[in-house]
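Following the hints, position chain V against chain L.
Chains as they are written, first to last, in my numbering: chain L, 74 to 188; chain V, 10 to 124.
By construction, these hints were calculated from the structure, which means they are not laboratory data. Any given hint could be a false lead.
If you anchor each label on the Cβ, the simulated ranges turn out as follows [what the hints assert, rightly or not]: (1) ASN31/V / LYS95/L: 35 to 43 Å; (2) PRO17/V / GLU157/L: 25 to 33 Å; (3) MET88/L / SER62/V: 45 to 53 Å; (4) LEU146/L / GLY69/V: 31 to 39 Å; (5) GLY87/L / ASP36/V: 38 to 46 Å; (6) ARG105/V / SER132/L: 43 to 51 Å.
We put the beta carbon where it would ideally sit given N, CA and C, even for glycine.
For reference, the chains in residue letters:
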Amino acid sequence: DTEVTQTPKHLVMGMTNKKSLKCEQHMGHRAMYWYKQKAKKPPELMFVYSYEKLSINESVPSRFSPECPNSSLLNLHLHALQPEDSALYLCASSQVWGGSADTQYFGPGTRLTVL
Amino acid sequence: KQEVTQIPAALSVPEGENLVLNCSFTDSAIYNLQWFRQDPGKGLTSLLLIQSSQREQTSGRLNASLDKSSGRSTLYIAASQPGDSATYLCAVRPRRGSTLGRLYFGRGTQLTVWP
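Excised from the complex, chain L in its bound form (with noise of 0.2 Å):
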C-alpha cells in the first residue's frame, strides 16, 4: 500500500476561524511533509517532521501549525488565515529524511479557501 490520504478533500473556512487539515500513512514511513501550492505554480515545503520532530520549518507563518501526534499521523493545524493563504495542500512521506534513494509519495490534497 502505498496511499496517503487527507481529509478533508475540501475545506472553505473564514478568516476567524480554526480548522485542521490530516494527513495519513500506513507504509512504516519516518517522514512527513506539507507543502503549499497555488495555481499553475509547483509545491513549495512548509514543513519536514523526522521520526515525528519538527526538522524543517521554511518560515512559514505561525497561523499555521503542525503536528505530528505519532509516526503515521501528521496534521495542519489553521488560524486567523488570509484569503492569500488559498490553495492546494499537500501532505507527502518517504522512509526517511534525506535519505539517497528516497522516493515521496504525496496525497490527493486538501483545497483551502479563505473567504
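Structure of chain V alone, referenced to chain L:
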C-alpha cells in the same frame, strides 16, 4: 541554490504523437531526479525516479533519461493518449546544502493530448 527549469511550459498535440518534455537543473550535485504527474486540483503521482548513477528509467510508454553532467533530463512519452493530459513536474534532490532531503521542483509542462 538549485534552480529547475522545464520547457515547454505547455504542449498541445494530437493523439498518437511521441513527445519529449525537457527539464534542466543548475547544480549537478544531486541524489536523484523524479518526474511527477499532476491532474488538475489533484495530488502528485510519481512516474519515474532516476538515481544520479543511472542514465534512464522506463515504465510502460514512459522513458526518462538523465545527463547529470549537463544538468538535463528528458521525459519521453510514446504514442500519446488523451488520458496522458496533465501537468508533468520534474524535481531534483540536492546532494549538498542545508536541506539535503528537500525537492526542488520545476514549474511543470502542461500537456494536452486531443483525440
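Comparing the hints with the structure gives:
1. Distance hint check for ASN31/V and LYS95/L: the Cβ-Cβ separation is about 37 Å, which falls inside the suggested range of 35 to 43 Å.
2. Take PRO17/V and GLU157/L: their Cβ atoms lie about 29 Å apart, and the range 25 to 33 Å holds.
3. At roughly 49 Å, the beta-carbon separation of MET88/L and SER62/V lies within the given 45 to 53 Å, and the hint holds.
4. For LEU146/L and GLY69/V, the Cβ-Cβ distance of about 34 Å falls inside the hinted range of 31 to 39 Å, so the restraint holds.
5. For GLY87/L and ASP36/V, the hinted distance range of 38 to 46 Å is satisfied, since their beta carbons lie about 43 Å from each other.
6. The hinted window of 43 to 51 Å between ARG105/V and SER132/L is violated, with their beta carbons roughly 21 Å apart.
When each numbered hint is compared with the structure, a violation occurs for hint 6 only.
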